[in-house]
Amino acid sequence: MSKYLLNKFLYTIDRDPGLVERYRDDPRGTVAWWEAEQANVILNCPGAERSTWLKFSDTEREALATHDYPALFALGAHNFLTLTLFIAMFERDYDEPLAFQREYAARLSHWSLPYPDIST
Amino acid sequence: MATVAAVIASTHHPFYYRASTSTGADRPPFADEWVAKIEAFRQTLTRARPDVLVMVGSDHFHQLWLDNMPQFLIGKAPFYDANFYNEEREFGLPRMLLKGQEDLSAYLLREGIDAGFDLAFSNELRIDHSITCPLITLRPEADLPIVPVYTNIFAPPMPRPRRFVELGRTIRQLVEAWPGDQRVAIIGTGHLSLELGGPRQFGPHGPDPEFDRKAVGWIASGDIQSALAQVSLDSLWEPGNATHGFMDFMLMMGVAGENAKADYTDSLDLFHTMEAYFTWYPNGVDAP
Numbered sequence: 001m002s003k004y005l006l007n008k009f010l011y012t013i014d015r016d017p018g019l020v021e022r023y024r025d026d027p028r029g030t031v032a033w034w035e036a037e038q039a040n041v042i043l044n045c046p047g048a049e050r051s052t053w054l055k056f057s058d059t060e061r062e063a064l065a066t067h068d069y070p071a072l073f074a075l076g077a078h079n080f081l082t083l084t085l086f087i088a089m090f091e092r093d094y095d096e097p098l099a100f101q102r103e104y105a106a107r108l109s110h111w112s113l114p115y116p117d118i119s120t
Numbered sequence: 001m002a003t004v005a006a007v008i009a010s011t012h013h014p015f016y017y018r019a020s021t022s023t024g025a026d027r028p029p030f031a032d033e034w035v036a037k038i039e040a041f042r043q044t045l046t047r048a049r050p051d052v053l054v055m056v057g058s059d060h061f062h063q064l065w066l067d068n069m070p071q072f073l074i075g076k077a078p079f080y081d082a083n084f085y086n087e088e089r090e091f092g093l094p095r096m097l098l099k100g101q102e103d104l105s106a107y108l109l110r111e112g113i114d115a116g117f118d119l120a121f122s123n124e125l126r127i128d129h130s131i132t133c134p135l136i137t138l139r140p141e142a143d144l145p146i147v148p149v150y151t152n153i154f155a156p157p158m159p160r161p162r163r164f165v166e167l168g169r170t171i172r173q174l175v176e177a178w179p180g181d182q183r184v185a186i187i188g189t190g191h192l193s194l195e196l197g198g199p200r201q202f203g204p205h206g207p208d209p210e211f212d213r214k215a216v217g218w219i220a221s222g223d224i225q226s227a228l229a230q231v232s233l234d235s236l237w238e239p240g241n242a243t244h245g246f247m248d249f250m251l252m253m254g255v256a257g258e259n260a261k262a263d264y265t266d267s268l269d270l271f272h273t274m275e276a277y278f279t280w281y282p283n284g285v286d287a288p
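If you read the protein sequences in the order shown, they are chains D and W.
Residue numbering for the first sequence follows the working numbering, starting at 1 and increasing by one per position.
Residue numbering for the second sequence follows the working numbering, starting at 1 and increasing by one per position.
Please keep in mind that the hints were generated in silico from the structure rather than gathered at the bench.
These figures come from a predicted structure and were not determined experimentally.
One or more hints might be untrue.
To be verified - With the C-beta cut set under 7 Å, the calculated list includes, among others, these residues of chain W facing chain D: (1) Arg-49; (2) Asn-86; (3) Phe-91; (4) Pro-94; (5) Leu-109; (6) Gln-182; (7) Gly-198; (8) Pro-199; (9) Phe-202.
We treat Cβ as the ideally placed atom computed from N, Cα and C, and that holds for glycine.
Extracted from the complex, chain D is given alone in its bound form (with noise of 0.2 Å):
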């Protein structure tokens, strides 16, 4: 399990505006590329010097292809995180401001504490 690759995959979409929009119109499509191409750089190095050992899980890959933010949640992804790039790629598909955030709570209204552990 990598809650930290979980992030890293949330934070260089959401600060992308065209990588937003290609994980809006194809998750699973988008997930795969990530994981072959992207989930290995280090971010403040050259390209070649990558690294060797980063791979989502099964159950951390799927979460992100069907864009399931309570499994994210579930998962210990970073809550900041999710919400930011979630809010940017469905917000806009509500009339009522704020009633995707609050859909968001909803849906994880099961929940009370302790939250899953978002330590990495």
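Based on these hints, arrange chain W on the given structure of chain D.
For chain W alone, coordinates are given in the frame of chain D:
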């Protein structure tokens, strides 16, 4: 020696800019009251006539990332670009360019390290809304040079609350010993109870109004001992899963001093999270 002209602690609500600049049907019903409170709060900084602003905040996974995460970091650069694409996207925040007070940065780094804080530094730092929000509210001209101080309130493992208070005390002592005659305002922003990406987010109030009531009392009265006795890294999950931002308020309580009663206190109960504003004048202030 420099003068601490004001100590200011505040929440940083990224929706203020959009709420305060929107018009017509887009203007939320609470905007006018919010703007009035902010304009009154802004006067507390204006009256202090600062030359330099030390700005305490926290990067929200913008430039600082989990492959190399500092606990406490001071920017040392002649300029700081500010706000990021995802803050424009979600909050409508403008891009900004801020001047840096590089000699004070160098001084705080050197003296802070010697005082026992192994401070990270950055010579090219892009500032996010934890620092631009208080500039928008308190000094919208953004005309004064700054020293940014970033804390990790976001990515476990984090420093404990006591360490934030201790760093605040040290920043206060160091600024007061800074050679020169500049008037320095020390401004920090954090959160009261806050939930992000969890079941209690975006409710009609903050997720834990009882915590907020206690926290405002601790800050306004400078009751550092009660805050330290009742707040821990573990307990801060309970009022809301993003409430570790309260540790930046605790840092500012350290700056203001033990039992230092705030000269100005205000708050505003909003959806999602409570706003709170505090100003101390350690050396007094001219009448308005």
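Hint-by-hint comparison with the structure:
{"no.": "1", "hint": "Arg-49", "result": "violated, 37 Å"}
{"no.": "2", "hint": "Asn-86", "result": "holds, 6 Å"}
{"no.": "3", "hint": "Phe-91", "result": "violated, 11 Å"}
{"no.": "4", "hint": "Pro-94", "result": "violated, 17 Å"}
{"no.": "5", "hint": "Leu-109", "result": "violated, 21 Å"}
{"no.": "6", "hint": "Gln-182", "result": "violated, 35 Å"}
{"no.": "7", "hint": "Gly-198", "result": "holds, 6 Å"}
{"no.": "8", "hint": "Pro-199", "result": "holds, 4 Å"}
{"no.": "9", "hint": "Phe-202", "result": "holds, 4 Å"}
Going down the numbered hints, you'll see the structure goes against 1, 3, 4, 5, 6, while the others check out.
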